Amino acid sequence: MPDTLEPSGLRAALTTPLYRPRLRDTPLRDLIRFRRTGRLAWRSRLEAAALPEELKQAIIRLVKRTRLWRLEKAEVADELIAHFADGIARGETAQALLEDFGDIDAVAKLIRRAKRRNRPWVWHAWRWSFRLLVLLIGFYVFAFIRFAVGKPSIRIDYVGQLNAAITSVPKQDRAWPLYREALLSFEANNAALDRFYAELPDPVAAARDEASSRVLNEVTPTDAEWPQLVAWCNENQASISLVRAASAKRAFGFVLGRGNDADDPALKWDFSHDAKGGPLSQGALAGSLYVVPVPYLNRMRVLSDVLKADARVATHAGDGQRAIADILAIIGMADQLDLPILIEQHMRTSLYERALATMEAILADRPTLLDDARLVDLAHRVARVGGEAPNSLLDLSGERKTFLDFIQRFYTDDGNGGGRLASVVMDLGTMDVYFYGWSHGTLGGIPRKQPEWDEKAALALGAAGVSIVSARDEVVAEYDRLMAKAEARLARPLRESSGPGTPSVRDEVMAIVQSPTRFVRLMPVTSLTPSVDRIAERAEHVLGRREGLLVGIALELYRRRHDGRYPSTLRELVPTFLPEVPADRISGKPVSYRIIDGHPDIYSVGEDRDDDGGRAWQMQDVGPIREAVARWPVGSEANERAKDGDWILFDARPGASRE
Amino acid sequence: MRIERELMRGAGPVAVLRLLEGGERYGYELITLLEQRSAGVLAIGQSTLYPLLYNLEAKGLIASRVELAADNGRPRKYYRLTEKGKRQLAKERAQWEQLTLAMAKLGIVGG
Numbered sequence: 085m086p087d088t089l090e091p092s093g094l095r096a097a098l099t100t101p102l103y104r105p106r107l108r109d110t111p112l113r114d115l116i117r118f119r120r121t122g123r124l125a126w127r128s129r130l131e132a133a134a135l136p137e138e139l140k141q142a143i144i145r146l147v148k149r150t151r152l153w154r155l156e157k158a159e160v161a162d163e164l165i166a167h168f169a170d171g172i173a174r175g176e177t178a179q180a181l182l183e184d185f186g187d188i189d190a191v192a193k194l195i196r197r198a199k200r201r202n203r204p205w206v207w208h209a210w211r212w213s214f215r216l217l218v219l220l221i222g223f224y225v226f227a228f229i230r231f232a233v234g235k236p237s238i239r240i241d242y243v244g245q246l247n248a249a250i251t252s253v254p255k256q257d258r259a260w261p262l263y264r265e266a267l268l269s270f271e272a273n274n275a276a277l278d279r280f281y282a283e284l285p286d287p288v289a290a291a292r293d294e295a296s297s298r299v300l301n302e303v304t305p306t307d308a309e310w311p312q313l314v315a316w317c318n319e320n321q322a323s324i325s326l327v328r329a330a331s332a333k334r335a336f337g338f339v340l341g342r343g344n345d346a347d348d349p350a351l352k353w354d355f356s357h358d359a360k361g362g363p364l365s366q367g368a369l370a371g372s373l374y375v376v377p378v379p380y381l382n383r384m385r386v387l388s389d390v391l392k393a394d395a396r397v398a399t400h401a402g403d404g405q406r407a408i409a410d411i412l413a414i415i416g417m418a419d420q421l422d423l424p425i426l427i428e429q430h431m432r433t434s435l436y437e438r439a440l441a442t443m444e445a446i447l448a449d450r451p452t453l454l455d456d457a458r459l460v461d462l463a464h465r466v467a468r469v470g471g472e473a474p475n476s477l478l479d480l481s482g483e484r485k486t487f488l489d490f491i492q493r494f495y496t497d498d499g500n501g502g503g504r505l506a507s508v509v510m511d512l513g514t515m516d517v518y519f520y521g522w523s524h525g526t527l528g529g530i531p532r533k534q535p536e537w538d539e540k541a542a543l544a545l546g547a548a549g550v551s552i553v554s555a556r557d558e559v560v561a562e563y564d565r566l567m568a569k570a571e572a573r574l575a576r577p578l579r580e581s582s583g584p585g586t587p588s589v590r591d592e593v594m595a596i597v598q599s600p601t602r603f604v605r606l607m608p609v610t611s612l613t614p615s616v617d618r619i620a621e622r623a624e625h626v627l628g629r630r631e632g633l634l635v636g637i638a639l640e641l642y643r644r645r646h647d648g649r650y651p652s653t654l655r656e657l658v659p660t661f662l663p664e665v666p667a668d669r670i671s672g673k674p675v676s677y678r679i680i681d682g683h684p685d686i687y688s689v690g691e692d693r694d695d696d697g698g699r700a701w702q703m704q705d706v707g708p709i710r711e712a713v714a715r716w717p718v719g720s721e722a723n724e725r726a727k728d729g730d731w732i733l734f735d736a737r738p739g740a741s742r743e
Numbered sequence: 441m442r443i444e445r446e447l448m449r450g451a452g453p454v455a456v457l458r459l460l461e462g463g464e465r466y467g468y469e470l471i472t473l474l475e476q477r478s479a480g481v482l483a484i485g486q487s488t489l490y491p492l493l494y495n496l497e498a499k500g501l502i503a504s505r506v507e508l509a510a511d512n513g514r515p516r517k518y519y520r521l522t523e524k525g526k527r528q529l530a531k532e533r534a535q536w537e538q539l540t541l542a543m544a545k546l547g548i549v550g551g
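Sequence lines, in order, name chains A and B. Sequential numbering from 85 applies to the first sequence in the working numbering. Sequential numbering from 441 applies to the second sequence in the working numbering.
By construction, these hints were calculated from the structure, which means they are not laboratory data. Accuracy of the hints is not assured; some may be wrong.
With the C-beta cut set under 10 angstroms, the calculated list includes, among others, these residues of chain B facing chain A [to be verified]:
hint: 1; residue: 463
hint: 2; residue: 464
hint: 3; residue: 466
hint: 4; residue: 481
hint: 5; residue: 482
hint: 6; residue: 487
hint: 7; residue: 492
hint: 8; residue: 494
hint: 9; residue: 496
hint: 10; residue: 512
hint: 11; residue: 517
hint: 12; residue: 522
hint: 13; residue: 524
hint: 14; residue: 526
hint: 15; residue: 527
Because the structure is a prediction, the values reported are computed rather than measured. Yeah, the Cβ is synthetic: ideal placement off N, Cα and C, and Gly gets one too.
The whole structure should be built from the sequences, with the hints applied where relevant.
Spelled out as C-alpha cells, the structure:
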C-alpha cells in the first residue's frame, strides 16, 4: 500500500479509535510517523482484488510459505496481486498464469532467501553471531564430552622402577636403617635437641628453629655455648658412630612410596593421613613419583650438621682421625643420595659443599692436625667427588620419569604416544597437599579447600577446551627437547655454554608461559621442567671448591716440605703435589693464587671475569658470600649486571667465612 | 529453445538490468519484454523473476517504489536502475562482448 493514502498527523491518530483494524495493521515505522497506513492488511487487499479464487489461494499459500516478517509478506503479496492482475488484464487465464508461475513452494523459498538479503545489516550481524554462538556451544559440548569420557592408562610404575634398584641392594648394605637408628637414638638420648624432632604446634615455626641450628653450625670455641656443644658431641658419640657407619654403606636404601619407609610413626612420619587424622587424598597422583615423599632429606641435613659440629669439636681437641671420619661421613652421605630427582640432587650438592667447607676450615684453623699421609688420602678422596662437568655429580633422569608419570595419569593413551587431557585433571584442584617441615619430623597433609560448584564448572569448561588443543605427544616432545638441551649443558663445564646469546631452557619455558596459545597446549611442560640452571651452578660450586681444596692440600704439603714457605706460583706444585693446576671454572685459565695475610688464597675471577685480587663479594650487613659471584648465566640472564668480586675457592685464613 | 540453467543464471540478471536501462518497469512488464525482445530465449519463469529482482535490490543494483497504476488504479511496484546498477551493466556488457568475440573466434558463434 502506498505511504500516502491515509491522512497523516497527530490529530488523525488521536481521533481514530484504537479498535479500528488499521492501527493493528500498520507497521511501527508508520505509526511513529503518525501514519495509519494499514500496510500489513494484505489479506484485505487480496480479498478486495478482482482475482480468481485459485490465484488468491495461490498467493495466500505462497506468502505463508515464505515465513517472512509481516511487512515483507505484505510487500510480496501486493506485488503478486499486481502481477496476476496484470496478467488477467492482458487476457491470460488463471490456469495459464499459475502454470507459468511454477512451483509455489520452490518460489516461496527463493523469495524468502532474496527478501532476507534485503534485511538490515543489524539483523545479519545478529544472525551470524547466533550461528557462531551455537557453533561455539556445540564445540564445547563436544569438547566436554570428549574430555569427560577420556580415561588415562597408567601403564608404568615409575616408583616401582626406582624401588627395584633400591631393593636390589641387600638389606645389610643399605644405609637408611642405620641412619634411622641414629636419629631415634639422638631423640632418645638427648633432651636438649628434642627441638629438632619434637611435635611443635606450628610446623612452620619448627622450620625456623634457629637456635638449635645455630648451636650446631655456628658456635665456635670462643662462644659461650661451646662447652655445651662439646659435651653434647662427646655424649652422643655412639649415635654419631652409627651415622658414620651408615655413611659407609653401599647405598642409601630408602624404599619409596607410601606404606614403606616413609610411613614411620617412630619418626613421626605419616603420609596416609592429613594433619587432623583424616585420610589424605592424592587423587590421580596417588602412588606417583610426583608425590612420593622423601622426608629423610631434611634429616640428612640435620645429621650432616651434627657431623660438621663434631668435626669442629674434634679439630679443636686435636683429634684428626675423628675429624676426618666426620668429613668422610658427610661425603659418604652425599654419595648415597643418588635418587635422580632435583630435590635430592640439591641436598647432595649441599652435603658435598659442607664437607669441603669443613675440610677447608680444618686446614685453616689447624693446618697441622692431619699428617701427610692422611692429607694425601683425603686429597684422593676429595678428587673423586665428581668429574669435569656438572653431570658427573648430577643425575636428573628421575625428573623425566616424574614428568612421564604425571603425563600417564592425566592424559589418555592411544597406544602410539598420542592422547589428550583427561577429566581426572580436575583432581589437581581438589587433592590434598603435603607439607614439608624443614626441621620438623612430622609430615602430613593439609586438606585443600574444595572448590565451589561454579569454580568446578569453570575449571571443567576450561579443561575441556584445553583438552582439544593439548596433545600428549606434543607435550612430551617439547619436554624431551628442553631436557635434552638441559642435559647437554650439564655434560660440559658451564663456562663453555654460558654468556649472552646462549640458549637457555629457562628462557624457552618463559616464552611458552608468555604465549597464551602455547601455554594452553604445553602447560605441563612449564610446570614440570626442572630448573636445571640452578642445580648446574651448585654442581659447579662443588667442583670449584673441590679444586680449591685440592690446591689447598697441595699448598699445605708444599709448605711443610719448604720450611713453612708457600710457592710463588701454583706451577711449582706440579707434578709432586698436583697433577696439574686446575682451571678457573669461569674463565678457563688457571685458578688464581695470592698470599693474603700470610695465608694462601685460591680464587676464580668470578662472573665479571675481572681479577679483584681475591676480594670476595660482600652483602651489606651480612658479609662475604663466596658463591654469589660464581654464576654462569645464560640467555636473558646473561644480560644482567655481574657482581664485582672474586669467587674464593680456598681461604686458609683462620675464621674466614666458609659460606 | 531451452537455455541451460547455468547460462540463464548469468544472462538473466544482466538482461533485467538492460531492460531497466530504458526506464522504470514493473514485474509483469519485465517478463513480457524479456520474452518478446529475446524471441522467447530469455523467458525467465515468472517464479524466477521476483526473487531475481529482490536479489538485485539487495545488491543495490536496482531500487523500487510503489505507485498507483495509471491504468487500473491499483498499487504497483516499479523498479529502476541505480548508479551502481548502471556501472554493473556496463561491466557486464563489456564481459559479454568479450565472451561473444571469443566464441566467434572459436567458431562457436557466427561473425
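Discussion item. Tell me the hint numbers this structure goes against, listed in increasing order.
Written reply: 1, 2, 4, 5, 12, 13, 14, 15
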